[in-house]
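Asks: Each chain, written out:
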Amino acid sequence: MIDYILKRILQLIPVLLLVSVVSFSIIYFAPGDPAETLCTGPDGNVNPDSVEKFRDKMGLDKPLHIQYLIWLNNLLHGDLGYSYRSQKPVFNHIKTAFRATFKLSVVSLFLSLAIAIPLGIISAIKQNSPLDVTCMVGASLGVSMPNFWLGLLLMLLFGIYLDLLPVAGYGDGGDLEHIILPAITLGTGSAAVTARLIRSSMLEALGQDYIQTARAKGVSERVVIGKHALKNALIPVVTIVGLNFGYLLNGSVVVETIFGWPGLGRLIIDSINIRDYMMIQGCMVFVTLLFVLVNLIVDISYRYIDPRIRYETAG
Amino acid sequence: MNKDIRYGVIGLIVGAMLLASVPSVSAELFGDANEDMTINMQDVTKVERMILEYDPVVASADANQDGSVNMLDVTCIELIILERVPFPGGHLNTVMIFGPKDTLDPANGWTGWYVRKAGIYETLFKYNDEMELTPELATGYSQVSDTEWQINLREDVQFHDGTPFNADAVVYSLERVLDESNTRSSEYAHIASVTADDDHTVTITTTAPYAPTIASLTDPLVSIVSQEAGASGTLDTYPVGTGPFKYDSNEFGASLSVVRNPDYWGGGVKLDSATLTYVSEGATRAMMLQSGDSDMSRGIPYPDVGTIVGDSNLDIATKETLRLYFIFVNTEKAPLNDIRVRQAINYAINRDEVVDVALEGVGGVSARGVFPSIFPWANDDLAGYPHNQETARSLLKDAGITDTNNDGKLEYNGADFELTIMTYTTRAAMQPSVEVIETQLEDIGIGVNLELAGSTAVKEAMTDGTYDLAFYSYGVAPSGDPDYFLTHHFDSTAGYKENGWIRYSNDTVNSLLASARTATSQNVRKSYYDQAQEIIVEESPEMFIFHEKELVGYNTKVIGYEIYPNEITFLTKNMYIGR
Amino acid sequence: MKPQDSGFMHLVTRLEESRSATIGATIILLICLSAVFAPQLSPNSPTKACLADRLISPFTEQKYPLGTDHLGRCILSRLLYGARISLAIGIVVVGISATVGIVLGVVAGYRGGLIDTTIMRFVDATLSFPSIFLAVVIAGLLGRGLASVAIALIAIEWTSYARVARGSVLSLKEQGFVESARSLGARDSYIMTRHILPNIVAPVIVMATLGMAYVILSAAALSFLGFGSQPPTAEWGAMLNAGRVYIRTEPHLTILPGLAIMIAVLAFNLLGDGLRDILDPRQIDQNGNSA
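Protein chains in written order, with our numbering: chain A, 28 to 342; chain B, 4 to 582; chain C, 83 to 373.
Okay, chain A solo, but in the shape it has when bound (with noise of 0.2 Å):
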């Protein structure tokens, strides 16, 4: 177990390395120039001397290939830099907005397992039931609704005709209410995913021997379901929980700037926006490291539940 966590962060270093470098460089191939941007003000004039000034502080008139070994050098002391706008350390404001992503997507989580499991469970057992097709028939209508559009029909919804919600904000802490509806807006797409998933997975333990022979002792048909078939198929939900983490990031950008959630889909979006190179190089490098810490627990995790599973080193 420990050779084979070691071999997968080891395998990761390169790569690792090349997501470094492709943050890095993408933001230098991009047209603009920080210095001159970030010196301005909404209304306007430059002034060539604190532009000049600012370069020099960056470090941005060093070549490039010098400033990437700073940055790189610096990331590796856990220094992701300062943003150019407030000129305060990146990761102070990625903490911040992390901590604010993190809560909707736990609760999005939560709340599209809540809804999956059970789901996916009786969509399997009562196959090709009119409930199993209307789940179904749902399912594929969540995973193909745009989020944003599903967002906004929600506001509209809970927050004006029903007036029972709030349509948006932040509360003290991110309140219960206020995260309801963005929760569910980023909670749909994941949520049809893993019925999906969960009835597949459901569908092809009930089909296995030891459920038939189970049948055919004459246990009663809830042991048979709850004692072994959903034991089974639960074993995929942990993938599910990694898969559903990218699912819930990628989702973010896009519903937190509908709500005004502050978190680090938008503050990626405001970054590219003012074209805040340092901030965006950290989001992109923070949330790489989340994705990839994700998955390598995952994939441990369910090694570690389901011993039967045997990796290839191929991707």
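Honestly, I wouldn't trust all of these hints.
[As the list claims (entries may be wrong)] Computed list of lysine-lysine pairs in BS3-like fashion (alpha-carbon distance at most 30 Å, straight line):
1) A:Lys122 with A:Lys89
2) A:Lys130 with A:Lys115
3) C:Lys130 with B:Lys412
4) A:Lys258 with A:Lys153
5) B:Lys336 with B:Lys400
6) B:Lys400 with C:Lys130
7) B:Lys336 with B:Lys412
8) B:Lys412 with C:Lys145
9) C:Lys145 with C:Lys130
10) A:Lys244 with A:Lys258
11) B:Lys336 with C:Lys130
12) C:Lys255 with A:Lys34
Source of the hints: derived by calculation from the structure; they are not laboratory data.
Given the coordinates of chain A, work out where chains B and C should sit on it, guided by the hints.
Replies: Below, chains B and C alone, put in the same frame as chain A:
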């Protein structure tokens, strides 16, 4: 795992039920016995009548909230009037558009605007809701010489942290901005030094005669901060000013909460507390107002104005602001270097139609010049460019742009005459406005390409001179003085010329603006600016389209709100929740 | 695993086996027809503003069956022309991604060694980024325009094809298939085109179908965020974005483009899922396609 999920589900269901069942507490203005939404001597009489059983008792008469209406309430109301007891102003939820994202320090970029709006900081001078320059933390000023301004300070003011407001604090606050490392220090390059003459007098010395010196002290960038808080390095996260409201809590990019400053020098602050929430989506801001999540929302989208006015609990406050929407013209690029072509385009634009369509008729007023008529410096004699397609066509014809091949499109030098209009989309009015202008120009045969981009890309194209027209929005007088916009945009010796934004140059305009900057008499200055504006409108290096109207949606229970046209002041001591 | 013999035509004839595939294919056919015949079907110009006829509700005036937007442009015409843009972006992105991905994947699997390692590390690195984050950064930095959106999505999409292609090459190699062909004197190019490519056709078709759904959805999302087409181009995501301020007063401006996006995405998802069921479902990597 399974168990957790079950708890999660149960928790969510219970939570949702709880949320749905919370009764909405109707705010009472306790002490407002006659229910006219304010508390004054009439309420005292009213309570006395209730005690004598002449009038039926109402809940709001119970000023001290002890459950019964008696003589104690009379005393309580009198104490409220005398400002011995805080006004029961309630909590205001207001939704703003932009807010602080990374710091609360007013001397940093445009943060000062946000913390000023929250009522935390004040400046030496300010503009009132009629755009008149008035002292705030100062009591007055006198011009000692061409370059020396002596300012007298209030003596009865203390900061939220209890330290006294004095000349040292003013010197400290201004020097933070003058410091070279401040990204906006160049805007204060006219100030050579700030010195404390005594505890409550400072003298500002300018490098050259500079008429707008006092006006420049109204920018929230030069908010006066507590020196002690500044020295401890906490202004970033814990602002300490002199305003009617004290900092309470903050969530960057999301909200800022303030509470009443009980010791405010300006007298009783009516609101108990307020939360400013920052929402960049216009539709969301309107919905929050309509659903009762907010009591006030700035920047109501134009289409929602009618709905809000139609709601009996809501209303819209509106006023012209100093925000101008205009077009930068690349005056070096043929054929836009020809004054006739620029004038023709100006005539081809139907400003009223832009306002009616892009702004739904509520978001602005057509512009004739740089300044709106509400601004004392506006040249009211300007005719501007009334929509006239015939004049436009004949001017273009004179410039050699005609439909030579009768395809309905104009040609210039043998090719279709096409213009690109660049703009950015951070403000809601930008895209619809250029879309309308596009159809208007196409109506007289000019081909138009729209290019929406990030504001950075637009700025770059302007610096590089690769653009034709760029649609922009500026606050034309953030410090209340006309010099800022006119000099930056049209003085080729002092403004954006150096970074290539403007390529226009006119010696007469330059010298008029230079004279106006140093003249001391208001009337003389105005006549210089009037002449300069006349030339600028005539020569059209920029085309002025409309002045924005502020649209603030509010619940009618919010009392005492006034729009400040310079978009600087928002929360004031006079606001409160009536019912 | 035995080499798959189901070619394209074979798949088409087996479509009726799956109800969802049939429904999906029918809707896609309709969308394609409306895109191709947009000029004939559209009652009005999709881009010409008619300020006198602005903000007409759907089903109220014969001239504008689905109403007009804030500039008086016909919604129906814009939706029809919008189908062209969405399909075009989908086809371009999926086409280029699949070609690039397959070529690189086959080369990586076939050659092995350093080339394989390099290519696969790039794939791994790309997959380490949450896809929309990467797309937003690329599209945002390249500037607004459909080309930026396409480039951003290609940068993400090619990886799944590369993985599948490489996977099948490796499995063929494992079976000694390539070795024996080589020993019979077959050239590399012959082996690749005759043996390897036919083997990956089926999974690639499924991936490409699901990929269309993903690309149409993502492109609309990028447009919605303001990175997409320039006005007055009729593009669904941008239409939704522009109609957003009218959501209270003229909800059709938001609802109709959203419906169009959803129907198109749903159709490709249904077809893709159906095709996957027809083929062996376990053969296809689920990772890149479920979104």
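Asks: Would you mind marking each hint as holding or not holding in the structure?
Replies: Hint check results:
| no. | hint | verdict |
| --- | --- | --- |
| 1 | A:Lys122 with A:Lys89 | holds, 29 Å |
| 2 | A:Lys130 with A:Lys115 | holds, 24 Å |
| 3 | C:Lys130 with B:Lys412 | holds, 15 Å |
| 4 | A:Lys258 with A:Lys153 | holds, 18 Å |
| 5 | B:Lys336 with B:Lys400 | holds, 18 Å |
| 6 | B:Lys400 with C:Lys130 | holds, 25 Å |
| 7 | B:Lys336 with B:Lys412 | holds, 20 Å |
| 8 | B:Lys412 with C:Lys145 | holds, 27 Å |
| 9 | C:Lys145 with C:Lys130 | holds, 14 Å |
| 10 | A:Lys244 with A:Lys258 | holds, 19 Å |
| 11 | B:Lys336 with C:Lys130 | holds, 28 Å |
| 12 | C:Lys255 with A:Lys34 | holds, 25 Å |
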